[in-house]
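Visitor: Letter by letter, the chains look like this.
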Amino acid sequence: MSRIAGTFAALREAGRAALIPFVEAYDPNRETSLALLRGMAENGADIIEIGVPFTDPMADGPTIQAAGRRALEAGASLAGVLGLVREFRAGNTHTPLVLMGYLNPILSYGVARFCADAATAGVDGLIVVDLPTEEADLLLPDAAKNELDVIRLIAPTTSDARLPLVLAGSSGFVYYVSITGITGTRTASAADLARDIPRIRAATNLPIAVGFGVRTPEQAAVVARHADAAIVASALIETLCKHDVAAVLADVAALSAGIRVARQPHADQA
Amino acid sequence: MNEIIPNSLRNGPDGRGRFGEFGGRFVAETLMPLILELEAAYDSAKADPTFQTELDYYLKHYVGRPSALWFAERLSRELGGAKIYFKRDELNHTGAHKINNCLGQILLARRMGKTRIIAETGAGQHGVATATVCALFGLPCTIYMGAVDVERQKPNVFRMKLLGAEVIPVSSGAGTLKDAMNDAMRDWVANVRDTFYIIGTAAGPHPYPAMVRDFQCVIGNEAKAQLLQAEGRLPSVAIAAIGGGSNAIGLFHPFLDDAAVRLIGVEAAGHGLDSGAHAASLSRGRPGVLHGNRTYLLQNEDGQIQEAHSISAGLDYPGIGPEHSWLHEIGRVEYVAITDQEALAAFQLCTRTEGIIPALEPSHALAHVAKIAGNMNKDEIVLMNLCGRGDKDIFAVAQHLGVSL
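These protein sequence lines are chains A and B, in that order. Last residue of the first sequence: number 270 in the working numbering, and the count goes up by one each step with no gaps. Last residue of the second sequence: number 405 in the working numbering, and the count goes up by one each step with no gaps.
If you're looking for bench data, these hints aren't it; they were derived computationally from the structure. Backbone N, C-alpha and C define an ideal beta-carbon position, used for all residues, glycine too. Heads up, a few of these hints could be off.
Unchecked claim - Residues of chain B clear of chain A, computed beta-carbon distances all greater than 10 Å:
hint : residue
1    : Pro13
2    : Arg16
3    : Thr30
4    : Ala41
5    : Gly80
6    : Phe137
7    : Asn191
8    : Arg193
9    : Ser236
10   : Pro287
11   : Leu297
12   : Gln299
13   : Gln304
14   : Ile356
15   : Ile357
16   : Asp391
To be verified - For the chain A half of the interface with chain B, some residues (derived, Cβ under 10 Å), not all of them:
hint : residue
17   : Asp56
18   : Cys241
19   : Val245
Said to hold, decoys possible - Restraint-style ranges between C-beta atoms, simulated for each label pair:
hint : chain 1 : residue 1 : chain 2 : residue 2 : range
20   : B       : Ser275    : A       : Lys242    : 47 to 57 Å
21   : A       : Glu73     : B       : Glu166    : 42 to 52 Å
22   : A       : Gly110    : B       : Asn7      : 54 to 64 Å
23   : A       : Asp160    : B       : Asp14     : 41 to 51 Å
24   : B       : Asp14     : A       : Arg89     : 53 to 63 Å
25   : B       : Pro140    : A       : Ala257    : 43 to 53 Å
26   : A       : Leu165    : B       : Asp257    : 33 to 43 Å
27   : B       : Leu234    : A       : Ala202    : 40 to 50 Å
28   : A       : Ala247    : B       : Pro140    : 35 to 45 Å
29   : B       : Ala40     : A       : Gly110    : 33 to 43 Å
30   : A       : Arg113    : B       : Ala230    : 47 to 57 Å
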C-alpha cells in the first residue's frame with residue numbers, strides 16, 4: 001500500500017479527516033521550508049503538499065504568486081525541491097509528501113528522469129495543475145512505473161459526464177478545487193460542499209480532499225465533515241509572511257484540532 | 001468548410017489540437033470544460049454559412065476590408081532588386097490586423113451567449129481592438145495590461161478607457177504581456193460562466209491557435225488574389241513579423257502548399273540574439289509549456305520562463321504560436337531575427353520612401369526585406385505584411401532617436 005493510501009486507511013479507522021498543509025518550497029529560503037516540513041509533521045499534518053515554484057503560476061492567487069517569486073529569488077529549482085524532500089525523508093518516513101506545480105519545470109527536467117528521481121527522493125504524489133486528463137498520457141506511464149500517485153484536480157465546472165474521464169488514471173486522492181477561481185480567494189460554503197462532494201463520491205472510491213479557500217480551523221472542520229481531507233495553503237503563507245515558522249506551526253496545530261473535533265458528536269453541525 | 005487535401009500542410013491541428021508535437025490544451029481542469037465548449041461552438045460556427053456572412057459584413061463595412069495591396073515602387077528601386085508589395089493591414093480600422101480576429105471572436109462570444117469580454121494586451125493594439133468591438137456590440141470589457149506597459153503605452157490606455165473598457169494594470173511578474181495573459185486566465189477561471197476570453201494571438205490552448213489563424217487568414221487569402229490580379233503570379237517570398245505570430249500565420253497559411261513561395265518569419269532580436277535581451281523564441285528558445293500550449297519558449301535550464309525584450313511591445317513575448325513551432329521544425333517556414341536598431345532603421349526607410357509610418361512590429365519584417373531584396377532578381381516579388389501603423393510608436397522612436405517631443 002502506498003504511503004498516501006496507508007495514511008487514509010488509518011484515518012478512516014480513526015474516524016477523522018486528514019489535514020494537508022502546504023509549503024511553498026524555498027519561500028523565503030530552503031531552511032525555512034525544511035523547518036516547516038519537519039514542524040508540520042509534528043503538529044498534526046497528515047500529508048504535506050509542497051509547492052514547486054514556477055514563474056507563471058496561472059491557477060494561483062496573489063499570495064502563492066508572491067511566495068513563488070520569493071522562492072525563485074532564493075534559488076528554488078525542481079532539483080532543489082527534490083533535495084529538500086530527500087533531507088526531510090532522512091528523518092521522517094511516514095508523512096506522505098505531494099508535489100504541486102506546473103508542467104514546464106518537469107518537462108525541462110525530463111519526465112522520465114523526474115519521476116524516477118522524485119520517487120527515489122521520497123515523493124509520494126504529484127499534482128500538475130496545467131496537465132488536464134486530455135494531456136495526462138505525457139506523465140502517467142512514468143509516474144506509474146515509479147509508483148507515484150497522480151492526483152487529479154476536479155472543479156465545480158467538471159460535469160458528471162466528465163468525471164469518469166478525469167478520474168481515469170488518478171490515484172492517491174482526488175483534489176476538489178471547491179470554487180471556480182484561483183487559490184486563496186473565495187471559500188466554498190458548507191452548502192456548496194454538501195452539494196458537490198456526493199457528486200464526486202458517486203464517481204470514485206478515492207479519498208476526496210478539498211482545497212482553494214480553506215483558511216480557518218472552523219472552515220477546515222466544515223470540510224472534514226463532508227470530505228476526507230482539507231488542504232490549507234494561502235492562509236499559512238500569509239502567517240509566515242507576517243510572523244514566523246512557530247506561528248505557522250501553531251496554525252497547523254489549531255487546524256488539526258479543528259479537524260479532530262469535526263466529526264465528534266458535540267461538534268456544531270454545519 | 002475546407003476540403004481536406006491529403007499531404008496538405010493546411011490540415012492542422014489534429015483532434016488533440018496539435019501541430020506535430022506542438023499545441024494541445026494545457027490548462028487547469030476548471031477551464032478544460034470551457035475550452036471544450038469553445039471548440040464545439042467554433043466548429044459549429046465554422047460550419048454555419050451565416051456566421052461567415054456576418055463576419056464578412058463587419059470586415060467589409062466596419063474594418064474596411066479588403067485592405068489594399070501596395071506596390072512599394074520607390075522602396076523597391078532604392079533596394080535595387082525584387083518588387084516589394086505591402087499588404088496594408090495597417091489601414092484597417094484601429095490600425096492593425098488585430099481587429100480581424102477580435103471581430104471573429106466577439107461574434108462567436110455572442111453566439112455562445114457570453115455577456116462579458118476579457119483580453120490581455122501588450123502594446124495595447126489588441127486591447128484597443130477588443131475594446132472597439134465591445135463598444136460596437138455593447139458588451140462590458142476588461143483588459144489586462146502589464147503595469148510596465150500601461151506606463152509606456154499611455155495613449156492606448158486612454159483609447160481603451162474612452163472606448164469604455166476597464167484597464168487593469170498587472171504588477172505580478174515583470175508586469176508585461178506574459179503576466180497580463182496570466183491574469184486574464186485567472187480572471188477567466190474565476191468567471192467561467194459568463195465570460196469570453198478574446199486571446200490576441202495565435203497561441204494559447206486549442207482551439208485558439210487554429211481559430212485566431214482562421215480569422216487572420218483573410219490577410220493571406222486577399223493578398224494572394226490581389227497579387228494574382230496585379231502580377232499574374234505568386235510571390236517568391238512572403239514575409240511577416242512574429243511575436244505570438246498571428247499576422248504571420250494569417251499571411252503564410254494560404255501559401256503553405258505553394259512550395260515555390262519562400263516563407264520567412266521575423267522574430268525580434270532586441271539588443272541581439274546573444275545579448276540575453278530579445279524575444280526570439282524560435283532562434284534561442286526550446287520547447288516547453290506555457291499559457292495552455294506546447295511551443296518554443298524562452299526559458300532557463302530549470303524550465304522557468306524568461307522575460308522577453310523588444311523595442312516593439314507587440315513582439316515582447318517569450319513564446320510563439322504552436323503552428324509556427326511546427327512549421328519551424330519541418331522547415332517549411334524560415335525564421336530569422338532582426339534587432340531593435342535594424343527595425344528602427346527600417347521604420348525610417350519606409351517612412352521616407354513610401355510615406356507610410358509603419359508600426360515597429362512590421363518594421364522588423366521590413367528590415368529583413370531590406371537585407372534580401374537587393375540580392376533578388378528584378379522580376380521576383382516580395383510580399384510583406386504591413387500589419388500595423390506606427391502612430392502608437394512615435395514616442396518610442398523619438399526617444400531612441402534622441403528627440404524629445
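Visitor: Confirm or reject the statement that B/Leu297 sits farther than 10 Å, beta carbon to beta carbon, from all of chain A.
Guide: violated (8 Å)
Visitor: Over 10 Å to the closest beta carbon of chain A is the bar; see if B/Pro287 clears it.
Guide: Violated, because the least Cβ-Cβ distance between B/Pro287 and chain A comes to about 8 Å, which does not exceed 10 Å.
Visitor: Would the least Cβ to Cβ distance between B/Gln304 and chain A come out above 10 Å?
Guide: At roughly 5 Å from the nearest Cβ of chain A, B/Gln304 sits no farther out than 10 Å, so the non-interface label is violated.
Visitor: Is it true that B/Asp14 and A/Arg89 lie within 53 to 63 Å of each other by Cβ?
Guide: violated (42 Å)
Visitor: Using the Cβ atoms, figure out if A/Asp160 sits within 41 to 51 Å of B/Asp14.
Guide: Given a distance of about 28 Å, which is not inside 41 to 51 Å, the answer is violated.
Visitor: Quick one, is the A/Asp56 hint okay against chain B at 10 Å, beta carbons?
Guide: holds (5 Å)
Visitor: Quick check for students: does the CB of B/Thr30 sit more than 10 Å from each CB in chain A?
Guide: violated (4 Å)
Visitor: Could one say that the CB atoms of A/Leu165 and B/Asp257 fall in the range 33 to 43 Å?
Guide: holds (36 Å)
Visitor: Going by Cβ atoms, does B/Gln299 stay more than 10 Å from chain A at every point?
Guide: B/Gln299 is in fact no farther than 10 Å from some Cβ atom of chain A, at 7 Å.
Visitor: Should the label of B/Ile356 as a non-interface residue stand, given a Cβ cut-off of 10 Å to chain A?
Guide: holds (37 Å)
Visitor: If we take the beta carbon of B/Gly80, is the closest beta carbon in chain A still more than 10 Å away?
Guide: Given that every Cβ of chain A is farther than 10 Å from that of B/Gly80, nearest at about 46 Å, it holds.
Visitor: Far enough from chain A: is every CB of that chain over 10 Å from the CB of B/Arg193?
Guide: Violated: least Cβ distance 8 Å, not greater than 10 Å.
In terms of the numbered hints stated before, the structure departs from hints 2, 3, 7, 8, 10, 11, 12, 13, 18, 19, 20, 21, 22, 23, 24, 27, listed from lowest to highest.
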